[in-house]
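> Residue numbers (the working numbering), protein chains in the order written: chain Y, 2 to 228; chain B, 2 to 228.
In short, the hints are calculated from the structure, not lab data. Certain hints may be false.
Because identical chains share one entry, a pair is satisfied inside a single copy or across any pair of copies.
To be verified - Here are the simulated SDA-like cross-link-like pairs (lysine to any residue), alpha carbons at most 20 Å apart as the crow flies:
{"id": "1", "residue 1": "K54", "residue 2": "A29"}
{"id": "2", "residue 1": "K4", "residue 2": "V42"}
{"id": "3", "residue 1": "K54", "residue 2": "Y26"}
{"id": "4", "residue 1": "K54", "residue 2": "R10"}
{"id": "5", "residue 1": "K54", "residue 2": "E9"}
{"id": "6", "residue 1": "K54", "residue 2": "S30"}
{"id": "7", "residue 1": "K54", "residue 2": "V42"}
{"id": "8", "residue 1": "K54", "residue 2": "S43"}
{"id": "9", "residue 1": "K54", "residue 2": "R12"}
{"id": "10", "residue 1": "K4", "residue 2": "S43"}
{"id": "11", "residue 1": "K54", "residue 2": "R13"}
{"id": "12", "residue 1": "K54", "residue 2": "G41"}
Number of protein chains: 2
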Amino acid sequence: MRKQERAERTRRALIHSAAAAFDEYGYASSRVSGISARAGVSTGAFHFHFEDKESLAAAVESEAREALLTITRCADSSDEPALQVLADASHAMVSRLRSDLVVRAGFRLSCDVVDATRSDLRSQWQDFVRRQLMRAGSEGALAEGVAPQDAATVITASTTGLEVLGRGDQEWLSRESVTAFWRLLMPRLAASHMVGRLDPAGSDVTAGDGDAYAAPAVPQVAERAAS
Amino acid sequence: MRKQERAERTRRALIHSAAAAFDEYGYASSRVSGISARAGVSTGAFHFHFEDKESLAAAVESEAREALLTITRCADSSDEPALQVLADASHAMVSRLRSDLVVRAGFRLSCDVVDATRSDLRSQWQDFVRRQLMRAGSEGALAEGVAPQDAATVITASTTGLEVLGRGDQEWLSRESVTAFWRLLMPRLAASHMVGRLDPAGSDVTAGDGDAYAAPAVPQVAERAAS
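Start from the sequences and build out the full structure, keeping to the hints where you can.
Spelled out as structure tokens, the structure:
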């Protein structure tokens with residue numbers, strides 16, 4: 002293995018180990034020594050890659066941000082109806098939270114750490130939700146009397162709640178939860194000519210058993226852990 | 002002042018000071034020395050009242066639990082329609098989160114600390130929501146096709162989301178947010194003969210300017226802080 006490749010593997014192992022620690026104990030209670038040991042790396046090697054715990058947390062958040070950006074960019078470029086795009090993106094995000102430790106830890110960090118300069122995952126999601134609801138409004142796809150801003154409040158609050166509750170019980174991060182949410186909300190949000198065209202279970206999620214998501218990120222995570 | 006009274010005041014000052022620290026920095030980053038200093042109490046006096054940070058956190062959570070229990074017990078004994086009881090209780094809880102530092106810190110602890118033996122504020126709320134929705138179902142007050150369990154998922158997730166988002170921006174804990182939530186959800190949840198009888202702004206919240214709640218707990222908190 003080339004030196005550069007090996008360095009990249011170690012860096013990824015540290016990010017994964019940090020994510021596991023942050024996800025389990027929170028940022029403040031996690032220690033650089035424990036994170037390094039878990040990654041099978043000396044503290045010296047740690048400092049070759051990261052200045053301190055803070056910069057490691059920034060790397061975890063940055064990975065989570067990239068994952069979220071991939072989901073929202075892909076969604077923003079879709080020409081499906083905006084409400085379907087929103088449902089699909091929320092399924093994709095929750096599925097990713099369920100399967101990818103680094104994304105889950107990134108969101109938890111964004112709640113734990115008080116650092117306003119760090120770009121916030123939650124507000125990135127919130128902006129996306131607001132944008133799609135404005136689009137739904139201009140498409141004439143919202144039911145009469147539904148204000149895009151009210152809908153954005155409810156959708157942002159609910160998806161945040163699923164993420165937080167999912168820390169204690171992964172059942173909250175199931176496809177069933179997200180589908181229940183949209184099954185309830187869709188007929189209220191959507192103009193009557195739209196309702197039949199929208200699928201609360203998501204239009205682009207690989208079909209599962211209804212209880213779980215297909216989890217494409219798991220093998221990647223396992224590979225990280227082993228490296 | 003009698004000795005017992007003074008001891009009780011010191012105990013309350015420590016609980017309030019701990020709540021302020023937990024709310025601001027999280028549990029793990031808060032120190033007994035800082036909490037004592039903030040309460041104007043020596044570390045020796047601290048240990049007269051509490052064994053350690055853990056037992057102080059338990060006292061904060063216990064106060065928050067009492068506050069939540071008062072809201073849900075009072076709601077459980079109401080003979081208003083269950084959906085109105087739910088709306089009123091969510092307004093009361095969010096208003097309390099906004100105005101009472103100890104309750105806010107209690108909820109945050111329930112997210113920060115990994116201790117399964119400690120009774121969970123969130124599940125207390127979740128049980129209440131589920132109970133009221135079952136009651137709404139047996140009242141025949143739910144719209145056709147609305148499963149009480151789906152509705153419980155959405156309401157629990159949304160109220161949890163408001164609580165968490167409210168840490169960064171109190172606007173989420175405004176009466177306006179909670180009203181927007183019910184304005185959107187009520188017409189979907191309620192059977193048509195019920196919709197006109199339900200008030201998304203809450204039937205028993207003191208009327209405010211629409212943006213804020215009357216905050217009865219604030220003077221109490223101020224008194225605590227000064228004691």
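> Determine for every hint whether it applies to the structure shown.
Each hint tested on the structure:
1. Both within a single protomer and between protomers do K54 and A29 lie at most 20 Å apart by alpha-carbon distance, with minima of 10 Å and 15 Å respectively.
2. For the homomeric pair K4 and V42, the shortest alpha-carbon distance inside one copy (15 Å) is at most 20 Å, but the shortest distance between copies (56 Å) is not.
3. Taking the closest pair of Cα atoms, K54 and Y26 come within 20 Å of each other both inside a single copy (14 Å) and across two copies (17 Å).
4. Only within a single protomer do K54 and R10 lie at most 20 Å apart by alpha-carbon distance; the minimum there is 18 Å, versus 39 Å between protomers.
5. Taking the closest pair of Cα atoms, K54 and E9 come within 20 Å of each other only inside a single copy of the chain (18 Å); across copies the shortest separation is 40 Å, beyond that limit.
6. Taking CA atoms no more than 20 Å apart as the test, K54 paired with S30 passes in both settings, with 11 Å inside one copy and 14 Å between copies.
7. Proximity of K54 and V42 under a CA criterion of 20 Å is satisfied intra-copy only: 15 Å inside one chain copy versus 33 Å between copies.
8. Taking CA atoms no more than 20 Å apart as the test, K54 paired with S43 passes inside one copy only; the shortest distance there is 14 Å, against 32 Å between copies.
9. In this homomeric assembly, K54 and R12 come within 20 Å of each other (Cα to Cα) only inside a single copy, at 13 Å, whereas the closest approach across copies is 35 Å.
10. Taking identical chains as interchangeable, the C-alpha atoms of K4 and S43 lie at most 20 Å apart only when both belong to the same chain, with a minimum of 17 Å there against 55 Å between chains.
11. Taking the shortest alpha-carbon separations for K54 and R13, only the intra-copy value of 15 Å comes in at or below 20 Å, while the best inter-copy value is 35 Å.
12. In this assembly of identical chains, the alpha carbons of K54 and G41 lie at most 20 Å apart only when taken from the same copy (16 Å versus 32 Å across copies).
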